[in-house]
Amino acid sequence: MAEIVLEHVTKVFGGGVVAVNDLSLEIRDGEFMVLVGPSGCGKSTILRIIAGLEEVTAGEVRIGGRQVTDLSPRERDVAMVFQNYALYPHMTVEQNLGFGLRLRRMPKEEIRRRVTEVARILGLEELLPRKPAALSGGQRQRVAMGRAMVREPVAFLMDEPLSNLDAKLRVQMRAQLAQLHDRLGTTTVYVTHDQVEAMTLGERVAVLRDGVLQQVATPQDLYAHPANLFVAAFIGSPPMNLVEATVRHGTVAFGGLELPLPPGVDLSAYEGRTVILGIRPADMEDAEVWPDPSRPEIEVTVEVTEDLGSEVNVLFGVDAPPVAVEETAAAAEETFLLGEARSIFCARVDARTRARPGGRVRLSVDPTRFHFFDPATGAALPGRAEPSAA
Amino acid sequence: MTGISRRQVVANYAILIAFSAIAIYPIAGVILASLYPRGTNPSGFSLPPSWNFGNLATAWTEGQFGMYVRSSVIVATVVVIVSTVLSILGGYALGTMRFRGATTVFYLFLLGMIIPFEAIVVPLYYDLRALRMIDTYWALILPEISGSVAFGVFWMRAFFLSAPRSLIEAARIDGASSWHILWRVLVPLGRPAILTLVVLTFAGSWNEFFLPLVMTTDPKYITVPQGLSLFSGRYTTDTPLLAAGAVIVMLPVLVVYVFTQREFIRGMLSGALKG
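Protein chains in written order, with numbering that gives the first Met the number 0: chain D, 0 to 389; chain P, 0 to 274.
Hints are computed from structural coordinates only; laboratory data are not their basis.
Even glycine gets a Cβ: it sits at the ideal position worked out from N, Cα and C.
Mixed in with the good hints there might be a few duds.
Examples of chain P residues lying across from chain D (beta carbon under 10 Å, computed) [as the list claims (entries may be wrong)]:
1) A13
2) A17
3) D173
4) S176
5) L188
Here's a subset of chain D near chain P, in silico, CB distances under 7 Å, partners left out [claimed, not checked]:
6) L70
7) R73
8) M79
9) F81
10) A85
11) Y87
12) F98
13) R103
14) M105
15) P106
16) G136
17) T250
18) G254
19) T304
Only chain P is shown next, with the shape it has when bound in the complex (with noise of 0.2 Å):
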């Protein structure tokens, strides 16, 4: 800390916590009315009288939050696999290659991160129900995957366009062919972007509301956040249910986060620092 007076220094983690508070502020807000005995009203950010941890139970059960999860699970899973594979191709093919068209290609991907759903939902519905696809998984997937990958290829490509270039040269004299300095080289070294890709389509899935909510309409197709809603619906009194309902629902892409967040600061930071 040498040339930072201390002065400095307390204000530093003064603005840090006052901004950590406005973060963690609703979150602990939800998980402490969560434990709240049910039927009361919890104001404002006190802590419960007794601690009700039964209160995520009954939400998971009343709320059928199995069947959600179960959704979300298999939606999020597959788009993120997909859509990962898809940007760390796309990437470096923009990010690396030359090649005719590769400009135009790049700026139909941005559009594609610039178009929200609301936007083409209306004729997406009609495409999907001509494919038969309403009311399946497929519906929720495949948009997704588009939609993820536009910022995913973004995102990638930037992570190949910083990877030192005779690196690149150097595993090509070695004889490497294009695939394996993708997957041998620089895949191994792009692994905190590639996880920070992977937590952000993770939580933009996991979160995905509008999507499921016009492409579905069987119980056993609807994801975490409709089920939320639909579960708000039922009990419009109850708060601390309602809030275990929440927590269940954040819960997923909170522990992503806390296991990759080493990996997901330093893709956060790659390109910013000299390493």
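Pulled out of the complex, with its shape left as it was, chain D reads as follows (with noise of 0.2 Å):
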């Protein structure tokens, strides 16, 4: 066990390619660490410098307060699980597991032991026989995972181990890999662009956008107080609503609609010029299901309604223009093209909700929850009640 700190840590590939960037992270003993960004923002890469698989352009990597930034994989003593699985086609399950151990010329004894442990703890005992083409998916996952455990190394590292399963075993496989480091306690930095895996598994969450580290936090915190605009924009399902709005004497003011800036919140700096404001789609709730007179409320037209049984998104459009800025467009996995000067709001309501599309509804919302950034900078606005803990 042990924690890895990356220290300034920049990889250019050839041609000029600038896939992490001055990036410094620390990983703490034990720890559970997510990275996660859209594709092509350099986690992937980051795990692999972190394996010895990739060499730095500059910087230096630490584990256990080893200095092993020329070392190669094997001196570094992590495990990594693959995509792919990358289970040796040729061997069979219990040989699959044993190789590294092997490799090591560990005693026979003690391998059939280990191999023998982490298959009952994995549930493979009756595949060990078996060859990895023989298995299904979820199981090939599995052995992946053993082959990590068996070795006992200081850290795992997992690229997008569970991206090749089908929704409902991803969720199983899930629970049984946050069971797995309550267990063990062993250091894992995870590499997902899946931001329900990263808010589910990780202690902590990195997040990176075009190999910069945009914040590291706890995933609570990453909700709450995102540090800034691609941030609010990548976590969070659905994606916070974003739009530009007037800051003028104590509120905010976008596409008719004017809602009081929360008591606190201090944008003085910003009387009358534009802001962008972020509002949760489940910090707004339909007031005639829950009356809150303390709550200003919004009164707009429904035009979809997307029932989930247990809440219901309510869609509405608002006649202010989309937040246009490069950061949202990078993170927004589906991007809603419903005419350029408004922009389609999203509340997440109570099921009970009688908001039909075409209706009216009022919705009350937390003016207390209301996120606000610098359009020029996309930075997160202080003045905040609880600062952030970036």
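Combine the two chains into a complex, taking the hints into account.
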């Protein structure tokens, strides 16, 4: 077990592509750290740098206090789980699990003991004599996990290990991974593009974009206090509603709607100017179902409802231009193309709502959970009641 | 066979049978001719009046094929083993490692594939004579190795390039050295490709005619193709006996192919189909 420290790591590939740009990150001993970001953000490259599969262009890597920047993968004593599992096809499950131990010339008895133990934990006992070709996707995934565990390495590195599984199995394996980490307590670095995986698995999550670290925080903190527009738009599903709004005498106004600024928020520096306002879908509620006189309300025309059973997504138009910042374009996995001058907002409301497409609905909003961003830099604006703990 | 109509199936078989016939006809013709009574003149593709398996034995002793086969086996075995090992090592380096000059080296190997022995045989003869290797097995083994390593490296490089990169990386992280990755992960995986190379190299060495013709005069070192040529010079009129000699020469290659054909076909198709 060990902490992993990346210090000012830069990786430039041939052709001048900067995959990782001056990244510093400390992963604590025993921590489950998730690296998340859209494809091409450098998260896999970082993992491969920690593993020793890629050399750094600049900066250094330390594992357990040991300088490993120039060491080969086998000298680093880390284990990796690959997206496509990378099991040795000509070996049985047992041989796959024991391969790394045999290479280390471990006594046969000890190898057998460890393989049996790991097979028991992962429920692979029955499969030991089989070859990978005779295994299902979920079984292969577990063997890949087992191959990492059996070595008892100082850290696990996982590169989208669940992305080749179907949705149901992925949820199961996700839970198993979390349990396993609780049990083993091994430092784990986990790469994913799936923010749900990131939020559910990570003790801390590092959000990356174009090789630059955006924010490292607990999932709750990322959700509640995104450091910038990119993190705000990337974390949370459905994504945060973002709109350009004008600050005027203690209110924010956008698309004919006006809402009070939350108490304690000081945007006086932006008086009369435009900021970007972010409201999470879950921070709006049907005022008929949950009347709350303390909360301001807006009345809107429903365009689409998505009934998820436990709650309903209410989509409505706002007569304000959508935030066309590059940040959101990069982060949003699905963009709504419903006219340029209008934004589409989503509110996640109680399933008992009577909102129907074409009808009007009154939504109460929670100004204390508003997010504000500088339209020029995308940085979260200070003046919040609780300062962001980035 | 879903999606393929009956007519297409029939057409497929017709075409395949036609091509098989073209390939098999001369082989079957020679085998049939070798079974005719000695001194007769078998014409065309007909069954012999009696089955004279004795021709094979006669040809074997009269043509001194025992000696020639011995030479051929020695040469082919050494060539196959050494050039396969060298091809695996060379292909591994060129297929999986990045190093300065890799491309140049690869093109040099390609050049080796393109230049025929005929073009270099005269200087080669003088070189080998200077090294006192004429009329030794080395005069056959060394040039044949260099000739087959060119194709072998090209062939194995293609295999190593197609091997999943993550498998190599998984082995590296498991603690395997380059050497271990090659012999314990990639070579077992590359059995079909390697066996194909073995068959092709073996056939190439076994059938090599020109090089032994130039490099050997001592009958002790003569290999079977040239032995057959000497044999046919002596028995120009005895077609069944000549055919029997030809059967002796081609039999080993056929046997090797039959025993490895399943892997051979897999090797030929590797990379063509997604596993």
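Hint by hint, here is what the structure shows:
1. Annotation: interface hint on A13(P) violated; nearest CB of chain D at approximately 35 Å, more than 10 Å.
2. Hint status for A17(P) relative to chain D: violated, with the closest Cβ pair at about 36 Å, above 10 Å.
3. Checking D173(P) against chain D by beta carbon gives a least distance of about 4 Å; that is within 10 Å, so the hint holds.
4. Hint on S176(P) holds. Least Cβ distance to chain D is approximately 8 Å, under the 10 Å limit.
5. Contact between L188(P) and chain D, as hinted, is supported at the beta carbon level, the nearest pair being about 6 Å apart and thus within 10 Å.
6. Below 7 Å, beta-carbon pairs count as interface contacts, and L70(D) has none with chain P, the closest being about 12 Å; its hint is therefore violated.
7. For the restraint placing R73(D) at the interface with chain P, the shortest Cβ-Cβ distance is roughly 4 Å, inside the 7 Å limit, so the hint holds.
8. Below 7 Å, beta-carbon pairs count as interface contacts, and M79(D) has one with chain P at about 5 Å; its hint therefore holds.
9. Interface restraint check for F81(D): the shortest CB-CB distance to chain P comes to about 5 Å, inside 7 Å, so the restraint holds.
10. For A85(D), the shortest C-beta to C-beta distance to chain P is roughly 4 Å, which falls under 7 Å, so the interface hint holds.
11. For the restraint placing Y87(D) at the interface with chain P, the shortest Cβ-Cβ distance is roughly 6 Å, inside the 7 Å limit, so the hint holds.
12. A distance limit of 7 Å between C-beta atoms decides the matter here; for F98(D) the minimum to chain P is near 6 Å, and the interface restraint holds.
13. Proximity of R103(D) to chain P holds as hinted, the smallest CB-CB distance being about 6 Å (cut-off 7 Å).
14. With 7 Å as the threshold, the beta carbon of M105(D) stays out of range of chain P, its nearest partner Cβ sitting at about 11 Å, so the hint is violated.
15. The closest approach between the C-beta of P106(D) and any C-beta of chain P is roughly 16 Å, which is over the 7 Å cut-off, so the hint fails.
16. Annotation: interface hint on G136(D) violated; nearest CB of chain P at approximately 15 Å, more than 7 Å.
17. Given the 7 Å rule on beta carbons, the hint for T250(D) is violated: about 55 Å separates it from the nearest Cβ of chain P.
18. The interface hint given for G254(D) is violated, since its Cβ lies 49 Å from the closest Cβ of chain P, which is over the 7 Å cut-off.
19. Hint status for T304(D) relative to chain P: violated, with the closest Cβ pair at about 43 Å, above 7 Å.
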